[in-house]
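Asks: Numbering (the numbering used here), first residue to last: 961 to 1275.
None of these hints come from the bench; they were simulated from the model.
Here a beta-carbon is modelled for each residue, glycine too, at the ideal position from N, C-alpha and C.
Be careful, since some hints might not be right.
What the hints assert, rightly or not - Straight-line C-alpha distance at most 20 Å; calculated DMTMM-like pairs for lysine to aspartate or glutamate:
1) 1246 with 1006
2) 1081 with 1114
3) 988 with 1013
4) 1204 with 1185
5) 990 with 1255
6) 1274 with 1201
7) 1213 with 1201
8) 1204 with 1266
9) 1246 with 1173
10) 1146 with 1185
11) 1146 with 1003
12) 1274 with 1006
13) 1244 with 1226
14) 1246 with 1185
15) 990 with 1266
16) 1081 with 1095
17) 1244 with 1006
18) 1213 with 1225
19) 1244 with 1225
Stated by the list, open to error - Restraint ranges, calculated between C-beta atoms of paired labels, are given here:
20) 1227 with 1111: 21 to 27 Å
21) 1137 with 1054: 38 to 44 Å
22) 1061 with 1016: 44 to 50 Å
23) 1064 with 1243: 33 to 39 Å
24) 1113 with 1200: 16 to 22 Å
25) 1017 with 1191: 42 to 48 Å
26) 1038 with 1258: 34 to 40 Å
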Amino acid sequence: MGAWADIRFPTYQEAAMNCTEEFIAKMKQKDIVINFVQAWRNDTLEESYARLDKPTRLHAYSVSKSVTSIGVGLAVQEGLLRLDDPVLRFYPEYDPAELAPNLRRMTVRDLLMMGCGSKDKMFFWNDAQRLQCRDWQDYFLRNAFPYEPGTRFEYNNFNSYMCSCIVERAAGCTLKDYMTPRFFDKLGIGNPDWLTCPMGHSAGANGLFLSIDEMSRIGQFLLHDGCWNGEQLLDPAYLHEAEKNQYPVNAPKHGYGYFFWTNPDDESYRADGMYGQYIVVVPKSKAVVTVQALDSKKFFDDVWSELVVPFLNKG
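Please take these sequences and the hints and turn them into a complete structure.
Replies: If you want it as structure tokens, here you go:
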């Protein structure tokens, strides 16, 4: 794609907003608060909406997981780790005999698939135990893991957190610091804001703050198979695996890749964050739709049917 700086951003008032306006009106009827929407096609911003005066960095929640996946891909590309590396390769201070048998078989790929083999979500974010436990890596590594890794989908924030910590152990710096010159700076996401755990490791699963423009830049990066301003930042082969369903059986609704969800058409995918943060990438239509909202309801089905599909079908 051409330089992002060369792409003209219409003002929010100038951009044609037919589909977006209809979507916003329908969401208001459901009392769903939408902060920002951008709909891109062929590297052009065709529609937009802004409830706030200007784009501001908001918590992207689990969109952070998809960015963590990009970070893992960069580390693989640089030979720092492999997807089939055992998790315990990065924790030589632990005696495998003292840990769960399934943990000994767990790989980086299993983490990326939300397939660590845990029986539940453990603790994270709003759980009271999070306020008491300081060493989250040790907490994870000493869990039971009753299921064979890679065979059972269980949405668990620790999968992404551990990927962040593994990249840190392989690279010698936090995930945020590792990705800053290789990804954030390249996309013009200056001084990225990413929350840390009590031990100072990038949260990985959440905690990344992004503006709607920055979310759209990430979407364009994904749409162009890891290429930005003519520079191939990430191996397309990794992204092609990351964005497709990794579960031939026992898949979640519509499927799950490497911290990306597949969409109802089974041809596109998205980064998906709590309270309505979405980066929807539709390669076939060369389209990216980004949303920032603030609502406790899970309403991606509305985003897909009332915004993305009408936008793709427009003229």
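Asks: Now tell me if each hint is right for this structure.
Replies: So, going through the hints one by one against the coordinates:
For the suggested pair residue 1246 and residue 1006, the alpha carbons sit about 12 Å apart, so the restraint of at most 20 Å is met. With a CA separation close to 7 Å, the supplied pair residue 1081 and residue 1114 stays within the 20 Å bound. With a C-alpha separation of about 19 Å, the suggested pair residue 988 and residue 1013 falls inside the 20 Å cut-off, and the hint holds. With a CA separation close to 13 Å, the supplied pair residue 1204 and residue 1185 stays within the 20 Å bound.
For a cut-off of 20 Å, the pair hint linking residue 990 to residue 1255 stands: about 10 Å separates their Cα positions. Between residue 1274 and residue 1201, the direct Cα distance comes to roughly 30 Å. Violation of the 20 Å bound is thereby established for this hinted pair. A hinted pair counts as satisfied when its Cα atoms are at most 20 Å apart, and residue 1213 with residue 1201 qualifies at roughly 18 Å. Between residue 1204 and residue 1266, the direct Cα distance comes to roughly 23 Å. Violation of the 20 Å bound is thereby established for this hinted pair.
Only pairs whose Cα atoms come within 20 Å are accepted, and residue 1246 paired with residue 1173 is accepted, the gap being roughly 17 Å. For the hint pairing residue 1146 with residue 1185, the CA-to-CA distance comes to about 15 Å; that is within 20 Å, so the pair holds. Taking the CA atoms of residue 1146 and residue 1003, the gap is about 17 Å. The hint holds against a cut of 20 Å. Note on residue 1274 and residue 1006: the hinted pairing holds, with a Cα-Cα distance of about 11 Å set against a maximum of 20 Å.
Note on residue 1244 and residue 1226: the hinted pairing holds, with a Cα-Cα distance of about 11 Å set against a maximum of 20 Å. Between residue 1246 and residue 1185 the CA atoms are separated by roughly 11 Å; this keeps the pair inside 20 Å, and the hint holds. Taking the CA atoms of residue 990 and residue 1266, the gap is near 13 Å; set against the 20 Å cutoff, the hint holds. For the hint pairing residue 1081 with residue 1095, the CA-to-CA distance comes to about 17 Å; that is within 20 Å, so the pair holds.
For the suggested pair residue 1244 and residue 1006, the alpha carbons sit about 17 Å apart, so the restraint of at most 20 Å is met. The suggested pairing of residue 1213 with residue 1225 holds, with an alpha-carbon distance near 12 Å, which does not exceed 20 Å. Distance check on the hinted pair: residue 1244 and residue 1225 sit about 11 Å apart at the alpha-carbon level, within 20 Å; holds. For residue 1227 and residue 1111, the Cβ-Cβ distance of about 26 Å falls inside the hinted range of 21 to 27 Å, so the restraint holds.
Remark: the range hint 38 to 44 Å for residue 1137 to residue 1054 is contradicted by a beta-carbon distance near 25 Å. Distance hint check: the CB atoms of residue 1061 and residue 1016 are about 48 Å apart, consistent with the given range 44 to 50 Å. Taking 33 to 39 Å as the suggested C-beta distance range, the pair residue 1064 and residue 1243 conforms, at roughly 38 Å. At about 20 Å, the beta-carbon gap between residue 1113 and residue 1200 stays in the expected band of 16 to 22 Å.
A hinted range of 42 to 48 Å is violated for the C-beta pair residue 1017 and residue 1191, which are about 25 Å apart. A hinted range of 34 to 40 Å holds for the C-beta pair residue 1038 and residue 1258, which are about 36 Å apart.
When each numbered hint is compared with the structure, violations occur for hints 6, 8, 21, 25.
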